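Trainee: Residue numbers (the numbering used here), protein chains in the order written: chain A, 939 to 1228; chain B, 1080 to 1323; chain C, 116 to 430.
What the hints contain is simulated information worked out from the structure, not anything from laboratory work. These numbers were taken from a predicted model, which means no experiment stands behind them. From the three backbone atoms N, C-alpha and C, an ideal C-beta is built for every residue, glycine too. Check before you lean on any hint, since a few could be wrong.
[What the hints assert, rightly or not] Partial pick of chain A residues on the chain C-facing surface, computed with a CB cut under 10 Å:
1. Q946
2. V1042
3. L1159
4. L1215
Spelled out, the chains give:
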Amino acid sequence: MDLTLVGQGLLSGFLFGGVYSLMAVGLTLIFGVMRVVNFAHGDMMVWGMYLAWLLSIRAGIDPYVGFLVCAAALFFFGLLIQRGLVERIVDAPHEMQILLMLGVALVLENAALVAFGPDPARVRSPLSQATVWIGPIFVDVARLVTFGLAMALTAALWLFLARTDLGRSMRAAADNPYGARVIGTDVRRVYAAAFGVGAACVGAAGALVSPILPFQPTSGLGLSVTSFNIVIIGGMGSLPGAFVGGILVSVAESMGAVFLSPSMKELVSFGLLIAILLFRPAGLFGKAAG
Amino acid sequence: MSLLDVSALTKRFGGLLAVGRLDLSMAKGEMLGLIGPNGAGKTTVFNLLSGFLRPDEGQIRFDGRSVVGLKPHQVCRLGMARTFQIVRPFPHLSVVDNVKVAALARHPVMTHALESARAVVERVGLGARAGALASGLTLADRKRLELARALATEPSLLLLDEVMAGLNATEIEAMVRLVTTINAGGISVLLIEHNMRAVMALSHRIVVLSFGEKIASGTPREVAADRRVIEAYLGEEYVHPPQA
Amino acid sequence: MRPLILLAVAILAALPWLVGSYLITVMIFIFFYAYLGQAWNIVGGYAGQLSAGHSAFVGIGGYAAALLSAHAGLSPWIGMWIGGSFAAVLGAVIGYLGFRFGLRGFYFVLLTVAFAEICRVIALNVDAVGGALGLYITFTGNARQFQFQDNRAYYYVALALMLGATAVVRAIETHRFGAYLTAIRQDESACEALGIDTLRVKMQAMVLSSFLTGVGGTFYAFYLFSLQPNAVFGIPLSVEIIIRPIVGGAGTVMGPILGSFILSPLAEISRSYFAQGGWNGLHLIVYGVLLIAVVLFLPQGAYPALRRLVRGRPA
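Here chain A stands alone, though its shape is the one from the complex (with noise of 0.2 Å):
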């Protein structure tokens, strides 16, 4: 085995984990307070690639910068879902919530094919062509810095959980959703802050991620299954096994990638995502069993 294509799968992986860590803890959010499971989270994520590319190509707008445009409207499509639709099936059966979230699934992927066709498509930017060495290992400057931007991203939500009012809530609210509805905080300004924020997160993933992977409409389930598995193998609703569950993931994919083959590394995430659900339903970072 050469060690440097090992070496350049553990880096290439470690940097892309970013991405997933940012779109994970914004699923992990949503469900930590409110019990949800978004099941539209990765076409939320695809819409906001698809924004990205609508303001690279109509205002030619670098997604580096764009990814604050995508974040705000993601956010204000989370806004909308919230109040319109999970706000009135927070206390119904699972089953039923994930049928709705199916649904508001299918209604994204679809629209993004009508909207934008089937074809793959993938966002220009001028950092996308550059590549630094590290000794023998390249590296992407367009990973790196989306790399970057994600962990920035990831550190000024965890600053808005500890540092305001409003982020405290969401984490009373998820540490004991009951418990935040006894002492009378606005529970439904919390939810649709929630809710927003957790589709920000990912419309931010989407638009940083759309340089460096190119995607179409039905890119959204296979992504949501990703994020699926990483809150699973981190814990439903914990923020940090969210963030480490991201990095793990993308590592173990891209060792997948390297040992068997790269369209076989779905197999090791889901084969973790198997030793988890039956061996520690909580994950890694969980509290309590499932």
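Here the structure of chain A is known, so what remains is to put chains B and C in place on it, guided by the hints.
Mentor: Frame of chain A, contents of chains B and C only:
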């Protein structure tokens, strides 16, 4: 000969001792009351007996055979049926269909199960509500339904977890009569109950638990006179009577 | 009720001699998806275990029958039962892991999805079963090979599948097994306390459901003449399987059929009209909207609502 023989039954949750070296024995046909302050471990005892929890130590012999390690459904098939403190009817089924599901354990053919269910529904006095959805019942009727389902599995020992809780005086009186009739019909009853009048009236013997351990046992009269019991349990109510 | 059912069956039996081949094709899809929905209904509807990986069973069944036919010369009429058995084995493995380890709701959904996705990745990567190209079945038109010159033959096979599965589900509903499934969906602990071996009952439901779904795989393969890993093992097929019984009424005998009569024509119309104009995803948007509407307004599905409508409001 005894129907139920429990010896040195022990269960811990983390560091907390929920049930400690409990010995308990019931004769056939007996009605035994299990009382104690909240958190004394009474429901844990039921969960251990009925197979919902596995004891850390100790032995449970029912009808001469050990039931430790059996699944709840196996325990039920052997003739020990339980109710839940927080009743769990199947909300989308009618009263009689709820009971039918239980009767199927002994009568696998649907028409036979239905027949048996109807009889049980009549017996507990829910005949007029037989066709109603369980979700629409009053609490008193739901308690009866819970009891009816347990009865329909044709047990020789019935574990009743606070079937009087939340009922008014008239309803409690009716429930006491019902439980008496059931016991008179030959079914042994182990009863967790907070309503002192009911448990004193019903039980042949009473076992008192406090912090997971047996602190007293005897006839209702003996137990009521026991100083430890008054301190640990009755005392609370006698010293600080609830405000009307 | 009975004369009504006989009349409906008689009409469906006569239909192919009265209508054109396009409508026959539409009806075949209605029947076939109603069949798959009915198979899913056993575990997903009655038992309330939301499997989102049923495409795996279609794939296993289809691949088994097609490979046995191609390499061993085994007639798909026999292969379909073997394919169903393979699917049942996979169903037993998934069910055992899920039920034994107490995975509910979202966790069970993910377990089933993970297994289906693993099947898909394996089928894509193993050249012996066709790899990414998939499997193609050469058309012989030989009825012994489950191939028919006349579309009407497929029509009757699909109709028989749907009616057969419906008879099975009806029989389940009127026996102890069905009563247990319905009770398990509502409260498992209560069931255990009432002497029901819930693990065993759920396993039986899963095995029967995956077996029937696997049998359907043979029809899929020999009607479409090709098996593509992404199509046959993919999540979208699972969604197609799930959505009909849910829209029609999960856990009811008529739900999957009603759901299929509502959704399949819709899919077919938007596919044939809109796809030509490049509006490819439109029928799936309609699915999505319907799914949302059903969850919000008809959580029990269309059939119970329809029945209330027909029989009038209960007193």
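Trainee: Look at each hint and say if it fits the structure.
Mentor: Status of the hints after comparison with the structure:
| no. | hint | result |
| --- | --- | --- |
| 1 | Q946 | 22 Å, violated |
| 2 | V1042 | 7 Å, holds |
| 3 | L1159 | 6 Å, holds |
| 4 | L1215 | 6 Å, holds |
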